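> Construct the entire structure; sequences and hints are all you get.
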Amino acid sequence: MDQQAGRSNAFSNLLRMDQSALLIALFVICGILSFLSPVFFSSNNIMNILRQASPNLIAATGMALIILSGEIDLSVGSLQAFAGVLGVMAMNRTGSIFMGVVVTLAVGCGAGFFNGFLVTKLKLNSLIATLGTMAIFRGVIMVITQAVSQPIRVKGFSEIGMGSIGIFPIPLLIAILLILFFYFVLNNTIFGRYIYAVGGNKDASTLAGLSVTRIKLMVFVVGNILFAVSAVILTSRLDSGQPIAGSGMEMTVIAAVILGGVSLSGGSGSLIGAIIGVLILNVLQNGLVLMDVNTFYHDIVRGVVIIVAVYLDVQRKASAEIRLLKESQAMLK
Numbered sequence: 023m024d025q026q027a028g029r030s031n032a033f034s035n036l037l038r039m040d041q042s043a044l045l046i047a048l049f050v051i052c053g054i055l056s057f058l059s060p061v062f063f064s065s066n067n068i069m070n071i072l073r074q075a076s077p078n079l080i081a082a083t084g085m086a087l088i089i090l091s092g093e094i095d096l097s098v099g100s101l102q103a104f105a106g107v108l109g110v111m112a113m114n115r116t117g118s119i120f121m122g123v124v125v126t127l128a129v130g131c132g133a134g135f136f137n138g139f140l141v142t143k144l145k146l147n148s149l150i151a152t153l154g155t156m157a158i159f160r161g162v163i164m165v166i167t168q169a170v171s172q173p174i175r176v177k178g179f180s181e182i183g184m185g186s187i188g189i190f191p192i193p194l195l196i197a198i199l200l201i202l203f204f205y206f207v208l209n210n211t212i213f214g215r216y217i218y219a220v221g222g223n224k225d226a227s228t229l230a231g232l233s234v235t236r237i238k239l240m241v242f243v244v245g246n247i248l249f250a251v252s253a254v255i256l257t258s259r260l261d262s263g264q265p266i267a268g269s270g271m272e273m274t275v276i277a278a279v280i281l282g283g284v285s286l287s288g289g290s291g292s293l294i295g296a297i298i299g300v301l302i303l304n305v306l307q308n309g310l311v312l313m314d315v316n317t318f319y320h321d322i323v324r325g326v327v328i329i330v331a332v333y334l335d336v337q338r339k340a341s342a343e344i345r346l347l348k349e350s351q352a353m354l355k
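Its first residue numbered 23, the sequence shown is counted upward by one per residue in the numbering used here.
Hints may contain errors.
Each computed DSBU-like pair below joins lysine-lysine, with the alpha-carbon atoms no more than 35 angstroms apart [stated by the list, open to error]:
{"no.": "1", "residue 1": "145", "residue 2": "224"}
{"no.": "2", "residue 1": "339", "residue 2": "224"}
{"no.": "3", "residue 1": "224", "residue 2": "143"}
{"no.": "4", "residue 1": "339", "residue 2": "143"}
DEER-style ranges, computed between Cβ atoms [claimed, not checked]:
{"no.": "5", "residue 1": "145", "residue 2": "187", "range": "24 to 30 angstroms"}
{"no.": "6", "residue 1": "58", "residue 2": "115", "range": "46 to 52 angstroms"}
{"no.": "7", "residue 1": "190", "residue 2": "121", "range": "23 to 29 angstroms"}
{"no.": "8", "residue 1": "211", "residue 2": "173", "range": "28 to 34 angstroms"}
{"no.": "9", "residue 1": "320", "residue 2": "345", "range": "35 to 41 angstroms"}
{"no.": "10", "residue 1": "351", "residue 2": "321", "range": "27 to 33 angstroms"}
{"no.": "11", "residue 1": "347", "residue 2": "121", "range": "52 to 58 angstroms"}
{"no.": "12", "residue 1": "187", "residue 2": "54", "range": "44 to 50 angstroms"}
{"no.": "13", "residue 1": "262", "residue 2": "157", "range": "36 to 42 angstroms"}
{"no.": "14", "residue 1": "58", "residue 2": "231", "range": "28 to 34 angstroms"}
{"no.": "15", "residue 1": "56", "residue 2": "319", "range": "17 to 23 angstroms"}
{"no.": "16", "residue 1": "171", "residue 2": "228", "range": "42 to 48 angstroms"}
{"no.": "17", "residue 1": "146", "residue 2": "207", "range": "33 to 39 angstroms"}
Source of the hints: derived by calculation from the structure; they are not laboratory data. Fair warning: this is a prediction, and the values are worked out from it, not measured in the lab. C-beta: ideal position from N, C-alpha, C; glycine also.
Take a look at the structure:
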């Protein structure tokens, strides 16, 4: 009886989780795709989905941090190309994989500081500021390379994106480690609580003595470094520095994060939900490829998901406001 009660309570808690509907949706989509394509549930295809999803999972982790702080960053796709190509050029020149990775991460750090400076010091709207840097990063790398891809001339780099440890792809292991680390940061550290506080109410955070400017600047730096990590994996998988890499990445990542329950206005949401959102989008894309659906329809599906994600965010916000109003009325009684 006690075991049954415990299982019942655990199941009830699962249903109350914000991510339960997303998990159910993911399982339903997987079930439908396995029926439509017998190849879908093969071990090779599952590992392929997880390998391809890994850069998105890492980028979504960075985007979740930024959106939770009440901002947004549209430069993620352009930064992947910008940092990735510069990293490849440094690697080819020095013959060192380590230097290539360091340069890529350093570019991400610098880009994050620049984006954060525009938003926190110059007081620009993050949507507009990062729309500008998105164009700058892409334009600069196009000028430097003359829109020509940069082949990697150092052996062994492709192992980062294409290698495996046992049956597990190396990119997936990197993504899991980063997700676990930042899940811990968000839920068990003062900095994580500050991110939620600043995103939830900037004015109240200022009155409470928090340095909103410093916190948001740090979030942009950390987020853009994570974008650069995803650039390392993407560049390694492509085995070249592509100036067009990451095109449209910003919409995919933002849609996944919002679909996963992170509020577009900041201050609420879960990293786990964002991760499930990424998996849903990658599973859908994989299913469309397996069913040989024209790639033009992929953009339509992505657009529909973005609209659904924003709609769900609006509904969550409205429900939260209604719940808060009812609680306030109950307290007054």
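> Under the constraints set out in the numbered hints, which ones does this structure not fulfil?
Violated hints: 5, 8, 10, 12, 13, 14 and 17; rest satisfied.
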